[in-house]
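Enquirer: Chains A, B and C supply the protein sequences, listed in that same order.
Position 468 (the first sequence) corresponds to 467 in numbering that gives the first Met the number 0; numbering is contiguous.
Position 111 (the second sequence) corresponds to 110 in numbering that gives the first Met the number 0; numbering is contiguous.
Position 72 (the third sequence) corresponds to 71 in numbering that gives the first Met the number 0; numbering is contiguous.
Fair warning: there could be bad hints in the mix.
Calculated cross-link-like contacts (lysine-lysine; reagent style DSS-like; alpha-carbon spacing at most 30 Å) [as the list claims (entries may be wrong)]:
#1 141/B x 142/C
#2 589/A x 96/C
#3 589/A x 69/C
#4 589/A x 160/C
#5 191/A x 246/A
Sample of chain A residues facing chain C (criterion: CB under 10 Å; computed from the structure) [stated by the list, open to error]:
#6 65
#7 307
#8 373
#9 377
#10 444
#11 448
#12 584
#13 586
#14 592
#15 599
#16 606
#17 615
#18 632
If you are wondering where the hints come from, they were derived from the structure by calculation, not from laboratory data.
Where a beta carbon is used, it is the ideal one built from N, C-alpha and C, also for glycine.
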Amino acid sequence: MTPTHESEKPRIGVFVCYCGSNIAATVDVEKVAEYAATLPNVVFTQTNKYTCSDPGQEEIRKAIIEHKLNRVVIAACSPRMHEVTWRRLLQGTGLNPYLLQVANIREHVSWVHQDRGEATQKAKELVAAAVERVPLHEPLEPRQVKIAPSTLIVGGGIAGIQAALDIANAGYHVYLVEKQPSIGGNMAKLDKTFPTLDCAMCILAPKMVDAGRHENITLFSYSEVESVEGHVGQFRVRIKRKPRYVKEDVCTGCGLCTQACVLKDRILSEFEMGMGKRGAAYIPFPQAVPLKAVIDPEHCLLLTRGKCSMKCIKACGPGAIDFKQQEEFIEIEVGTIILATGFELYDMSALPQYGYGRYDNVVDGLQFERLCNASGPTEGRIVTKDGRVPEAIAFLHCIGSRDENTNPYCSQLCCMHTLKLAHLAREKTPARIYEFYIDLRAGGKGYEEFYKRVQHEGIHFIRGKGSEVVQDGDKLIVRAEDTLLGKVVEVPVDMVVLALGMVPPKDIENIARIFNINRSRDGFFMEAHPKLRPAETNVEGVFLAGACQGPKDIPATVAHASAAAAQALSLMSRGQATIEPIIAEVIAEKCSACGECIVACPFKAIRMDEEARHAYVVSAMCKGCGTCAAACPSKAIKMAHFTDQQLIAEIEGILGRMSEYELA
Amino acid sequence: MSLPESNVQQPPYEPKIIGFLCNWCSYAGADLAGTSRLSYPPNIRIVRVQCSGRVSPELVLKAFHEGADGVIVLGCHIGDCHYIDGNHRTSKRIPMLRQLLAYAGIEPDRLRLEWVSAAEGERFATIVKEFTETVRALGPIKQVMVTG
Amino acid sequence: MDEEHMLEAVRQKILEIMPQVDGVIALRRVGKGTAPHLFLPGDDLSELALFPQFPLPTPVRIIQAKYPDKRFAVVVRGCDERQLVEMAKRQQIFLDKLTMIGVACTKEQAEYCRCEMPFPKQVDVGETVEGIPQTFLDEFLAKPREERLAFWKHAFAKCIKCYGCRNICPECFCKECVLEDNLWVTSGTVPPPFPMFHLIRAMHTVGKCVACGECERTCPADIPLTILYKLLKRDVETVFNYYAGANPEEPPLMDSTIFLADMDMLHPPRR
C-alpha cells in the first residue's frame, strides 16, 4: 500500500449522491455540493447518480488519484449500508480505508423530511460535520491474529456432537466438554423423532460412538468450563473435571458396580426424567458415551455419611473405583469455540394450576418419551404411575410458551413433538386422545403431512389452551375453553402430558459471562445477526450451535451446528483473522492507574500494568465500544475512529462555531 | 467554519438537537425510520457512536456548550447491548448528568436518554418528535445562559 | 472529650502502634496552623495536632508511592477514611499496608464542616456525635429553577480558575486533568466558560465524593461547591444505593453490577 498523505494538508473530496431520486427528490443535491465546495480543505466536489454503483465508484477512484485527495466525504445512504464498500474503494486507490466519513443524507434526511429547504439545510450541516471531522481521521491498520487449529465445544448434545464430528473430520482437533457423565443430551431421551418416526437412539448412538472414539476429539465428560481468557485464535480455557470416583481408563462399563450398589434402584434417574430409578453407582443409560460408571456424590453413602459396605469396590473386577478422586483442572488453548449448551424445559413452579409435580400422572413430553421407549422404565408400556393402561390421555400444548406471563415466544417444536407423542400413544394404547391447542404449527419438511396423518388417527383436537388440571378420584380433569364451540369443556383423563416450552438452561447466565456472550430478550444466546449471521456471536471466534440460540428441532439443530462448524473451520483453515482496528488505546503518560476503564470494559480487555502503573488494552480482546474512553477521568484513552477530537469536530461542524456563552 | 446564519434578521427559533446514537441498535433504528419513510422534525442531527457507553458526560456538556438546545442519547435496550453491558454505564451517567443540570438550574429535559432497538423505527420517530417539541418549548439554550 | 484529651489519646495510640509500622502520618503544629507530617519511630510527638484539620489521604498517596514496601499508620477522620477507601478502589493507596487510627470529630468540628457522618467506621479516639442534617440542600432545591441558575451564574462568575478545589481534593489524583485541556475547557478565559469547568468537575465527583467540604473551604471566591456535590452524592446513595467510601470490597460505582434497568428511575422527578 502506498503511504497516505497524513502529514500533508487535508485535501478533501466531497461526493454527494442522488441515489436516483431517493435523495434528490427532497434534497437539492447540487446545492449541497456547491456548499461543500466552500468549506475549508475541500478541493473537489462531485455529484453522482449512484455512488455505490461501479461507475459511481470509478468516478471517486479517478478523483482521488487526479486531485490527490487524502480525505473523502461521501454524502449518501447510511454508513451501515455502504461504508464497507467505499472503504474498500479507498483501499484500492492506496488511501487508507479509514480516511473516509459518510454523511447519512438518505435514511436520516431525504426519507424522513418533506420540506426541501429544511432537508437541504440539514444535508449541508451533515456534510459540514463530516468535512470538519475527516481531517482528524487517522489511518488505521487491521490487525492479524493467528488461529490455533483447535475448537472447544461446550455441550455434548446432538448440536455439540454434530459440530465436533464436522470439525474433527476436517482434520482439526476438538475438545468436547459435557457436564453430564455421558454425551447425548436431550435427543438421547427421545423415543422416536418426527415426522419420520426414526428411532432417536438408533440415529444418535452411532454419532455418539464416533464422537467418543474419534482420534481428533478429546472428550471431557462430567466436566465444566471454569474460565476463558484470551481472544479469537488463542483462547485459554480452564476445564473442571468433576470426580467420577471411577477411574475412566480402568472401568470397562460392565455395570457390576451398579448392580452391587446398596442404593440400587433407590435414586430418581436424571436420564429417565425421574420416571425410573438408579443406584448411587450408575451408568446413565446403556448407550452412554463414555460407557463408564459414575458415583453420585450427593447420594453415595460413603461420600455423604462416610459409612457403607462398599459392595461396589468388591464387585469391580479391574478395581476402577477410587473414592480418593478429586476435582481436576485442565488448561487447553483453542482457536475457536462453539457453544452448544442446549435448552431445558420450562420450570413449572410458576404454573401450579397444571398439577405438575403434584399429581402422579401429569407428566412432561420428555417423561412421556421415556414411557414410550422400549428401554425406558416401563419397557415401552404407556401406563399410569399405578400401572393402569390409560383410558384417556390429554396433551396440553403451549405450557410455558406463547404466554405473556411465562414466555412470550413460541417454542416452535412442541406442536410437532406433541403430535408425535399422540401418534405413539395411539400406536401403543387404546386410549382416547385429546390435543388441547391454541393453533397448530407444522411448518417444516413433511410436518404438515404428518399432522394430517395424525388427524386421521382418531385423535380429538380441541382448540383451546388447557387452563387447569384437577384430580377427581383416579381421574384428572382438564379444563379448557373450546374456542370453536365457545364453551368451557371439562375432560376426564388418566394421564396429562404437558408440552412444556423450551427455555435456556438455568446456568446460561454464568456461561454467557464466562464467554462474554450477549443474550436476547428470551434469554437464549444472541446471534451476531438474526438473518445473516445466525451461528456467530459478537465475540469473534465464538459460535453458536443448536437450541442455545433459541428453540430448534433436530434438523434445525443439526443444520445450525454444521453452520457453526463451517464458520469455525473457515476461520481455522485461513489460519489467521483480521481484527477491526477500531479499538481503544491507553495513553500511558496520561494514565493515573485509577482503573475506572477496567471496571467499565464489558470485555475485560483492559489490564493494569502494576509495575509501570498504567492501564493497557489487550487489543485483540477490545471490541471498540469506547465505554472506557467515556469512563476515563483524565481522557487518557484514545478510542480509535471515535476520538473525543473527532466527535467534537463533528458536533462543531453541525452546530457551527457559535460564540461561547459568556456569563452575565 | 461557520454555517450561513443570518446575523441581521433573527429567524424564528428552531431547536438544534444533537443525537448520540449507538451504531448497532439506535442508529439502525433511525435508519429503519428512514427505510419506513416515517417522518419526523428535521431538528435532530445524529452523531454515530459505537455504543451509548461511549457518550461521556463531557461530550454532552460540550454539545450544550457549542449551542445544542437539546441532547438525546439513544442506546440498545438493557440486555440487548452489542457490547453486553456498555449501556449499563450510560444508564448511570446520563441520569446523573440530568440531575446535575437540574441542580445547576438548567432544564434537565434538555437531555434525554432512551433505548431504541434496531427494529424500533417508529419508536425512534416518536421519541424524536416528542423531544423536539420538548426542546422547542424550553426555548434556546442561549436564552437560558444569558437571562438572570 | 476536649481537644487536649483527644490529642493525648491519639498520642498514646500512636505510641502503641509505632512499633508495628514504619511511620505515622498525622498533623503537626506549624505556627498557628497545621501541616501533614510523617512521624517516624522515636520522633517527638509534642507537636502532634488535630486541628485545624487538613485532609491526609493525599499525603498518604504520595508517601505510599514513594515507599511502596513500608507500612504506615494514619490518623483519620470519617471523611479521610472514606476517601482512602475510594482511593484504594482506584489503586491510589494500598489499604493492606495502612493502619488507620480513627478519630471521631467533635460536635463543633462536625458543625463547622456541616458533616453528615463525622466519624470513621472504627473509632479509636473521641466520642461519636450525630451528623448534621443536610437541610440546606432541600432549602436550595426549593428555589425555582431560574433562581438556582442565577445563583450559580453569580457564584461561578467569581471563579478565578485557581484550581484550588481540584488541588485540595484527595480524589483528584489524575496525572492529567481535563479541566486544563483546551479541548474541554477553553484556556485563557476567566471565569471559565459555563457550564464546562464546574459541571465537568461535578460529574467527576460522582461516586467518589465523600463530602469532606475541603474544596469549598479552600475556594478563595467562596463558591458553594458542596451544594452541587452533596446533591449528586445524595442521588448516588438513594438511586444507586452506593455509599462512597463505605465498603472497600464493593466495586466502584461505574462497575456494571449496579445499573438502572427501570426507565422511571432514569427520570427522577427532581427539577
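Enquirer: Indicate, hint by hint, whether the structure satisfies it.
Expert: Evaluated hints:
Of the pairs offered as hints, the one joining residue 141/B and residue 142/C holds, with about 22 Å between alpha carbons and a cut-off of 30 Å not exceeded. Proximity of residue 589/A to residue 96/C is assessed by CA-CA distance (about 26 Å); at most 30 Å being required, the pair is judged to hold. Our distance criterion of 30 Å between C-alpha atoms is met by residue 589/A and residue 69/C, whose separation comes to about 27 Å. Restraint check for residue 589/A and residue 160/C: satisfied, since their Cα atoms lie roughly 22 Å apart, inside the 30 Å limit.
Annotation: proposed proximity of residue 191/A to residue 246/A is violated, straight-line Cα distance about 34 Å (limit 30 Å). Checking residue 65/A against chain C: minimum C-beta separation of about 36 Å lies over 10 Å; hint violated. Look at residue 307/A: its Cβ only gets to about 42 Å from chain C, farther than 10 Å, so that hint breaks. Of the supplied interface hints, the one on residue 373/A is violated, with its beta-carbon coming no nearer than about 50 Å to a beta-carbon of chain C, more than 10 Å.
Interface hint status for residue 377/A: violated, as the beta-carbon distance to the closest one in chain C is roughly 47 Å, over 10 Å. Contact between residue 444/A and chain C, as hinted, is not supported at the beta carbon level, the nearest pair being about 41 Å apart and thus beyond 10 Å. Annotation: interface hint on residue 448/A violated; nearest CB of chain C at approximately 46 Å, more than 10 Å. For residue 584/A, the interface hint is violated, since its Cβ never comes within 10 Å of a Cβ in chain C; the closest pair sits about 15 Å apart.
At about 9 Å, the closest approach between the beta carbon of residue 586/A and any beta carbon in chain C falls short of 10 Å, and the interface hint on this residue holds. Against a cut-off of 10 Å between C-beta atoms, the interface hint on residue 592/A holds, since the closest Cβ of chain C lies about 5 Å away. Interface hint status for residue 599/A: upheld, as the beta-carbon distance to the closest one in chain C is roughly 6 Å, under 10 Å. A least Cβ separation of about 12 Å between residue 606/A and chain C goes past the 10 Å threshold, and the interface hint is therefore violated.
Among the interface hints, the one on residue 615/A is violated; its C-beta lies about 14 Å from the nearest C-beta in chain C, farther than the 10 Å criterion. Proximity of residue 632/A to chain C holds as hinted, the smallest CB-CB distance being about 5 Å (cut-off 10 Å).
Hints 5, 6, 7, 8, 9, 10, 11, 12, 16, 17, counting from the list given before, are not met by this structure.
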